[in-house]
Amino acid sequence: MTRPAPLPVAEGPYPPTEEMLNAPVPPEEQERGKAELRAAWKTPEGWRYFSAVNNTEVGVWYALTAFGFMLLAGLLALAMRVQLAFPGMTFLDADRFNQFFTMHGSAMMFLFAVPMFEAISILLLPAFLGARDMPFPRLSAYGYWCFLIGGCFVLGSLLFDAGPKAGWFMYPPLATEEEGVGPDIWLLGLSFIEVASIAAAVELIVGALKCRPPGMRVNIMPLYAWYVMVVGGMILFAFPPLIAGDFLFELQRSFDWPFFDPERGGDPILWQHLFWIFGHPEVYIVFLPSIAIAAMIVPTVARRPIVGYSWIVLSAVGTGFLSFGLWVHHMFTTGLPQMSLAFFSAASEAVVIPTGIQLFAFIATLMVGRVRMSLPMLWIAGALAIFVAGGLTGVMLAIVPFNWAAHDTYFVVAHLHYTLFGGMVFPVIAGVYYFYPFFAKKLLSERLGRWSFWLIFTGFNVTFLPMHLTGLMGMPRRVFTYPESSGWGTLNLVSTIGAFVVAAGFAVFVYDLLRPKSRQGQIPRNPWDAGTLEFSHDVPEEAWGVRSVPYITSRYPLWDQPKLVERMDAGRYYLPDAPDHQRETVVTSVIDAKPIYVQRVTGPAWITIWAAIFTGGAFIFPTFHIYKPAIVCGAFAIVCVLYWLWTSTARPPRDEMREAGLGLRLPTYTSGPDAVGWWGMWITMLGDATAFASIVFGFFFYWTARPDFLPAGTDHAIGTWVAAAALLGVLAWAATLLAREVNRRGNVMLARLALGLAPLSAAAAAATAWLAVRDLDPVSHVYPAILWALMVWLVVHLCAGIVMQCYCLAGSLFGKVTPRHDADLRNVTLYWHFMALKVLVTAALLGLVPGWLP
Amino acid sequence: MTEITENEDAHEFRSEAVSLWRITFAPLIWAVHFAACYGATALVCAKDGAVDGLRLGIGIGTGVALVAIVWLGWQAWQQWDLVRDRDWENDQGTGEDRHQFLGHAAFLLAVISFIGVSYVALPALLIGTCR
Numbered sequence: 001m002t003r004p005a006p007l008p009v010a011e012g013p014y015p016p017t018e019e020m021l022n023a024p025v026p027p028e029e030q031e032r033g034k035a036e037l038r039a040a041w042k043t044p045e046g047w048r049y050f051s052a053v054n055n056t057e058v059g060v061w062y063a064l065t066a067f068g069f070m071l072l073a074g075l076l077a078l079a080m081r082v083q084l085a086f087p088g089m090t091f092l093d094a095d096r097f098n099q100f101f102t103m104h105g106s107a108m109m110f111l112f113a114v115p116m117f118e119a120i121s122i123l124l125l126p127a128f129l130g131a132r133d134m135p136f137p138r139l140s141a142y143g144y145w146c147f148l149i150g151g152c153f154v155l156g157s158l159l160f161d162a163g164p165k166a167g168w169f170m171y172p173p174l175a176t177e178e179e180g181v182g183p184d185i186w187l188l189g190l191s192f193i194e195v196a197s198i199a200a201a202v203e204l205i206v207g208a209l210k211c212r213p214p215g216m217r218v219n220i221m222p223l224y225a226w227y228v229m230v231v232g233g234m235i236l237f238a239f240p241p242l243i244a245g246d247f248l249f250e251l252q253r254s255f256d257w258p259f260f261d262p263e264r265g266g267d268p269i270l271w272q273h274l275f276w277i278f279g280h281p282e283v284y285i286v287f288l289p290s291i292a293i294a295a296m297i298v299p300t301v302a303r304r305p306i307v308g309y310s311w312i313v314l315s316a317v318g319t320g321f322l323s324f325g326l327w328v329h330h331m332f333t334t335g336l337p338q339m340s341l342a343f344f345s346a347a348s349e350a351v352v353i354p355t356g357i358q359l360f361a362f363i364a365t366l367m368v369g370r371v372r373m374s375l376p377m378l379w380i381a382g383a384l385a386i387f388v389a390g391g392l393t394g395v396m397l398a399i400v401p402f403n404w405a406a407h408d409t410y411f412v413v414a415h416l417h418y419t420l421f422g423g424m425v426f427p428v429i430a431g432v433y434y435f436y437p438f439f440a441k442k443l444l445s446e447r448l449g450r451w452s453f454w455l456i457f458t459g460f461n462v463t464f465l466p467m468h469l470t471g472l473m474g475m476p477r478r479v480f481t482y483p484e485s486s487g488w489g490t491l492n493l494v495s496t497i498g499a500f501v502v503a504a505g506f507a508v509f510v511y512d513l514l515r516p517k518s519r520q521g522q523i524p525r526n527p528w529d530a531g532t533l534e535f536s537h538d539v540p541e542e543a544w545g546v547r548s549v550p551y552i553t554s555r556y557p558l559w560d561q562p563k564l565v566e567r568m569d570a571g572r573y574y575l576p577d578a579p580d581h582q583r584e585t586v587v588t589s590v591i592d593a594k595p596i597y598v599q600r601v602t603g604p605a606w607i608t609i610w611a612a613i614f615t616g617g618a619f620i621f622p623t624f625h626i627y628k629p630a631i632v633c634g635a636f637a638i639v640c641v642l643y644w645l646w647t648s649t650a651r652p653p654r655d656e657m658r659e660a661g662l663g664l665r666l667p668t669y670t671s672g673p674d675a676v677g678w679w680g681m682w683i684t685m686l687g688d689a690t691a692f693a694s695i696v697f698g699f700f701f702y703w704t705a706r707p708d709f710l711p712a713g714t715d716h717a718i719g720t721w722v723a724a725a726a727l728l729g730v731l732a733w734a735a736t737l738l739a740r741e742v743n744r745r746g747n748v749m750l751a752r753l754a755l756g757l758a759p760l761s762a763a764a765a766a767a768t769a770w771l772a773v774r775d776l777d778p779v780s781h782v783y784p785a786i787l788w789a790l791m792v793w794l795v796v797h798l799c800a801g802i803v804m805q806c807y808c809l810a811g812s813l814f815g816k817v818t819p820r821h822d823a824d825l826r827n828v829t830l831y832w833h834f835m836a837l838k839v840l841v842t843a844a845l846l847g848l849v850p851g852w853l854p
Numbered sequence: 001m002t003e004i005t006e007n008e009d010a011h012e013f014r015s016e017a018v019s020l021w022r023i024t025f026a027p028l029i030w031a032v033h034f035a036a037c038y039g040a041t042a043l044v045c046a047k048d049g050a051v052d053g054l055r056l057g058i059g060i061g062t063g064v065a066l067v068a069i070v071w072l073g074w075q076a077w078q079q080w081d082l083v084r085d086r087d088w089e090n091d092q093g094t095g096e097d098r099h100q101f102l103g104h105a106a107f108l109l110a111v112i113s114f115i116g117v118s119y120v121a122l123p124a125l126l127i128g129t130c131r
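Those protein sequence lines, which keep their order, are chains D and U.
With the numbering used here as the guide, the letters of the first sequence map in order to residues 1 to 854.
With the numbering used here as the guide, the letters of the second sequence map in order to residues 1 to 131.
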């Protein structure tokens, strides 16, 4: 047995000297590179267009779809405003009004705000970073198609009068007891979209960490990338608790397991915790990336670098953390101990500090710069004005006694719309105006833009400013009508008129956005004189992203590196060609962005759409309690994903090294922590572990909140089987680890043997986990129900782990995984590290903890 | 001309050569402190109501957290190295500026974490009951 030679590493001169960068590229070289890149990055034409996965295509579809959903949700709001215009209106009946307000909130948050962040980031992040594409383009496409299917399904329920009607946060017992399929549509349809959100978060974090251009160290990367990283991290820790909550909720809806039913030991407050652990960070998940757009626009307008770059990084990271300590301020009236409420009140006041700092940094930049007012800046100014007003009412609402008084009134409605319009809608529209030349290669109309701004700005304040007063006068939110004697009539009428002015403003905006602009001719390349890389784009459009991947030494390379664009265009920098007609991008190190290897990027495919359709089936059929087709769909979805991974990811390359330009030679394959796939797995598993932790939290929550947990004289899980499950699970992990190690040392036969043993052991672990709780009745009480839920969670993850082990075994047998090319095996081992932890924690909760609890 | 295999920065500024995690240590202390305060209060108020012990515990925990944050902040301040070179921006594409920038960011995060921990401890100081 000989130890295989290690994989090659990057070699050649780096960083490039000025002399190297000045050497001209012969014209025939330039033409060859261009032709090869064009062939590699060709966007599919005709009906095949929809198989495209390039970030510029998927990003635009994503953004337009999210915007379309937003307009639909806006129409629902208009209908509600009509109903509330006068006392005793009968435009909508109570039932339809309930469906409308539930769907308005759900769609705005889940189908517009978060997806819009993902859409804009997918569209823009590679351009900010001078990358050719995101690291996993097919994952973005898959996420998009999931989003489209799920969004149409959830919104479509309104057409059948079957929409959910318990409000966008679905509180039990109202939502668990609600008749019809409304809550199921909400739970499963939105869980499906949440999965897509997490996929996008993984993609964006890896993109910001690993796909920066050579030389762009963390201290000079665009602020937008910092925000993307923070927000991606927040999604990873915020969405999983909601997914765990959805899991428990749907088990109660479908199988009557009593997680939120107090008569059988459950507790509706658990849902509120899980929902708001998601729900409050969600507000910042929506706000931060939008304010990040402001951080890109403000320096351009002020024509100088941002003031206090480090302070803004502090503000983004600090807000990201503190926003997780606020969730109970949505639950101040639930009767939690005073001291607990006060912790959250204090944290809610503390988060104002980092939030304020970034606004002051913007103002300081404008003060010391030479401001050239532009349309995007007008929208940013409007955003700051509105957001500050919303922030101030937020400070009021974070004070417990005031919150009790204003709870569930229109004051809260006014507050949240001020924060979301100021913190999200206005900056995003500013971003559309600012980046439109980049992604559409056209300009929007200055005049229409001003009309649209003043209509929306005025209309917004006319609608929502009076609502503060309506709320303080006692009007509760979510009532479908009110009596004339209440005295709320005039204020409501004013709000309704304002809502129509907002709608008129949006109509102008939509017209400007979509009207044909063919007569406009070719626009200037950098119309705002911006300093960041996205405005080095090609006009007219080229699909390759960047002609060559630049070497960056400044925060504002277009201002500070005078010959940059010229050299990029000439193909003077890295990857100026594509000899194999393959899509590629440079992967660099996390901190200092040193080139590590050339990543093959996947191209157009239908498989992503099929995977999304089958995943959709797996989520949508259970809504109607149809399980067999759902299982079939789930299986097909897995097959689709496996096919796509097998055929196009981490294949051993034909040539191990690639001439990357400027004398640098880069490897074309890597495995372990250098590879983007490893990072994708690591980040996904952090999110998955958070969801698991949320269920574990549920277990202990019942113990603190319920005197009848554990119920007297209850049956427990069978200890022998629990111990066997723990042992077998750990054995499966050990076998996987062994396979990785011996494979790396060249002992392929032993590795295959271990990879054959590991899934058998994992399957036995799943079977014994089931045997341990088989005799308990999950319908009878929450204690057996949560044990069952933990078992189901474990078994599902073990099954995924088995599929991965078999994938590696097949890879080893068919030459995809070799001692040198073991990326798949290393990623699967990483999965199993987390799996081993889950096995041990689950076994402890099933077998040991019930005996320890007093 | 330097070769890419020569890793001149790695020796000089090794502290964060592999990871960004360092700058999040102070806010992580805030998070742990916050979760511990909340968890302990929920437990004590639900089970036996020994509020005095709880308040003392939160006081001690807060002291430990603040000391740890100050220590991290002091290290970050030295890494930022403001006094020597008066560089507030650290905006060059060099290993030194990257090193000092991360120190600057970590220092600022330590300050905000200090404030956050102090805020969160106030309820235990001011409120003497679970009601």
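Hints are not guaranteed to be accurate.
Take a look, some chain U residues computed to stay more than 12 Å from chain D by CB distance [what the hints assert, rightly or not]:
no., residue
1, Ile23
2, Ala31
3, Trp71
4, Arg84
Listed next, the stretches of chain U that the computed footprint assigns to chain D, with coverage defined by at least 3 CB atoms under 8 Å from CB atoms of chain D [said to hold, decoys possible]:
no., segment
5, 39 to 50
6, 63 to 70
7, 116 to 126
It is worth saying that the hints were derived from the structure and are not from the lab.
Backbone N, C-alpha and C fix where the C-beta goes; we use that ideal spot for every residue, glycine too.
Checked hints:
1. Ile23: violated (7 Å)
2. Ala31: U:Ala31 is in fact no farther than 12 Å from some Cβ atom of chain D, at 6 Å.
3. Trp71: holds (19 Å)
4. Arg84: Holds: least Cβ distance 17 Å, greater than 12 Å.
5. 39 to 50: It holds, with 6 qualifying residues against the three required.
6. 63 to 70: This one is violated; 0 residues, fewer than the three required, reach chain D with a Cβ under 8 Å.
7. 116 to 126: It holds: at least three residues are needed, and the segment 116 to 126 of chain U offers 7 whose Cβ sits within less than 8 Å of chain D.
Checked against the numbered hints above, the structure breaks hints 1, 2 and 6 and satisfies the rest.
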